[in-house]
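Asker: Required output: the full structure, derived from the provided sequences and hints.
As a plain string of letters, each chain reads:
Number of protein chains: 2
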Amino acid sequence: MFIDALQYIRPSRAVFQQMNAGKLSAVHITVGYHEDFMGVVENLKGWNRWFESSGDLISRATNCDEISAANKAGKTAILFGLQNPLAFGSDISRVELLAQLGIQFCQITYNQQSLLGAGCFEPVDSGLTVFGREVVDEMNRVGMVIDLSHAGHKTAMEVIKYSERPVAVTHANPNAWHATPRNLHHDLLQALSETGGMVGFSLYPHHLKSGSECSLEEFADMASNMIQTYGSKTFGIGSDLCQGQPDSVVNWMRNGHWRKKPGPTVKFPKPPTWFKDNSDFLGLAKGLRRSTISDADVDLLVGKNWMSFLEKALVPDER
Amino acid sequence: MFIDALQYIRPSRAVFQQMNAGKLSAVHITVGYHEDFMGVVENLKGWNRWFESSGDLISRATNCDEISAANKAGKTAILFGLQNPLAFGSDISRVELLAQLGIQFCQITYNQQSLLGAGCFEPVDSGLTVFGREVVDEMNRVGMVIDLSHAGHKTAMEVIKYSERPVAVTHANPNAWHATPRNLHHDLLQALSETGGMVGFSLYPHHLKSGSECSLEEFADMASNMIQTYGSKTFGIGSDLCQGQPDSVVNWMRNGHWRKKPGPTVKFPKPPTWFKDNSDFLGLAKGLRRSTISDADVDLLVGKNWMSFLEKALVPDER
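Those protein sequence lines, which keep their order, are chains C and L. Using the numbering used here, the first residue of the first sequence is number 3, and each one after it goes up by one. Using the numbering used here, the first residue of the second sequence is number 3, and each one after it goes up by one.
Rather than coming from a laboratory, the hints here were simulated on the basis of the structure. Mixed in with the good hints there might be a few duds.
The list makes no distinction among identical chains, and a pair is therefore deemed to hold if it is satisfied within one copy or across any two copies.
Claimed, not checked - Calculated cross-link-like contacts (lysine-lysine; reagent style DSS-like; alpha-carbon spacing at most 25 Å): (1) Lys263 / Lys163; (2) Lys314 / Lys262; (3) Lys47 / Lys163; (4) Lys211 / Lys314; (5) Lys288 / Lys278; (6) Lys262 / Lys163.
Answerer: Next up, the structure:
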């Protein structure tokens with residue numbers, strides 16, 4: 003069972019065919035960066051058309067039963083999430099409404115300050131705000147996964163402490179392996195492993211040691227090391243694959259519409275040769291099996307851990 | 003000339019008649035607390051109907067020429083502002099769009115964390131955020147007054163330092179006179195007076211020493227003391243009058259839609275006997291003239307200072 007806990011692919015029939023070829027059981031897809039509520043609705047509208055036109059390859063899923071049903075029918079399950087809580091606005095009721103629309107993951111923030119907390123590129127880390135606590139409670143209640151990717155360290159630590167449910171970092175790597183504000187410090191990894199949280203190892207070049215040149219062996223060694231340090235239950239894959247997206251998209255991701263003067267123009271980094279598209283999941287798993295990680299632990303890493311986590315995380319509270 | 007730099011009255015012909023009776027040249031009216039962009043648009047829609055039906059009493063103004071024109075025609079000029087930057091969302095372009103809709107004032111935040119900075123009731127003060135700097139630049143450019151009422155102290159100090167234009171606190175009093183997170187500390191008053199900023203003294207009971215029981219003499223003594231300490235150019239009136247609003251409105255102001263469980267139910271405090279409605283502006287001015295403040299300084303305090311400030315503040319940059 004393979005699960006990818008974060009992709010932002012440009013949807014196409016070719017990509018869905020690769021998901022099937024890569025034997026992906028489920029993929030969490032980002033449907034919002036800087037979009038407001040109606041922007042997210044527009045994105046979901048587009049996805050509903052894909053579920054119609056490629057219903058033989060993919061299936062919309064909001065819980066693990068639906069993932070299993072999709073897989074039994076030979077399809078990849080698609081789950082949705084937001085990298086930014088902007089769609090909540092300041093309205094707590096929108097957490098449930100977005101869950102009802104199928105949003106199963108939401109980040110506390112994306113790089114900068116949100117109404118919930120600070121991002122990893124915001125110079126001052128506010129920690130979890132007053133409204134942030136309300137939203138964490140409500141995400142806990144409705145069964146929406148709290149995603150700490152792109153959050154500031156202090157904010158992330160406070161969310162782990164405050165949240166009644168385990169939380170996740172869907173896509174990041176250890177900072178000790180590759181130092182960047184996007185990667186995770188020891189105490190955050192420790193806190194996640196101690197609370198039943200999850201980390202999806204990222205294959206986005208900016209999160210990898212040696213960037214695009216990172217070898218599959220180096221990646222597997224990092225994963226092996228993490229499993230030895232924090233145990234085998236905490237880790238999965240969250241590739242951050244942005245397959246098929248033009249460079250205009252990474253500029254939208256970085257700059258949104260929050261500055262008047264355009265920010266520096268950026269390009270998507272070249273993906274590692276061994277992880278370019280969804281069909282490369284098979285090769286990734288093979289490479290991990292060649293490492294010092296046991297076969298049973300590779301199974302956990304490439305899918306079973308995420309499935310166990312989601313089996314609890316996606317079930318709403320009875321409150 | 004009387005100018006009131008903040009009211010949140012329930013619009014009615016009776017209130018507009020009192021504005022005329024109180025000889026008010028201009029009133030800054032709040033048209034958004036927790037509303038998003040479209041919520042503000044809805045509120046403005048309502049006001050456009052009032053300008054039609056009570057066009058003999060009030061007139062929409064976006065600059066000082068329009069204030070003067072309204073006054074020549076015997077009318078009170080109405081300017082609009084927001085107590086919360088939620089209507090900007092994360093989109094810098096909306097600053098100009100809202101200015102084009104007639105929004106001439108906007109607070110950095112309302113009590114809690116916003117995308118721009120922290121509020122005075124947020125336990126951790128983030129200061130001015132990355133996006134906050136962009137918005138301050140853009141508000142400076144389009145000629146929208148930056149209002150620090152309800153901001154956290156650190157955030158407020160950082161905005162004063164960062165902003166190219168003088169900024170205002172439309173409605174608050176000195177903290178040394180009445181201690182509450184909403185009132186202003188010495189270094190903030192000092193910084194505003196040194197940079198050409200403004201403070202509108204509030205008549206909202208929670209901001210007054212002795213609350214609803216505060217006497218006009220006590221209020222005038224405070225104003226006199228402030229003028230002696232910081233000079234006569236920095237102060238005006240920003241009454242925070244919420245005339246005619248039912249208690250449901252103060253609950254909306256406090257709680258918005260940001261919490262799941264309702265917050266404590268609150269009521270509007272009883273106004274001071276000498277400042278209940280817009281016609282009481284005449285008595286307020288009379289009381290100030292009976293104090294140790296010179297007549298020339300009372301003229302500045304009750305209107306001329308705001309007019310001088312707005313004569314510069316409402317003119318867009320040529321950038």
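Asker: Give a verdict on every hint.
Answerer: How the hints compare with the structure:
no., hint, verdict
1, Lys263 / Lys163, "between (38 Å within a copy, 21 Å between copies)"
2, Lys314 / Lys262, "between (43 Å within a copy, 23 Å between copies)"
3, Lys47 / Lys163, "neither (36 Å within a copy, 45 Å between copies)"
4, Lys211 / Lys314, "neither (33 Å within a copy, 53 Å between copies)"
5, Lys288 / Lys278, "within (15 Å within a copy, 77 Å between copies)"
6, Lys262 / Lys163, "between (37 Å within a copy, 20 Å between copies)"
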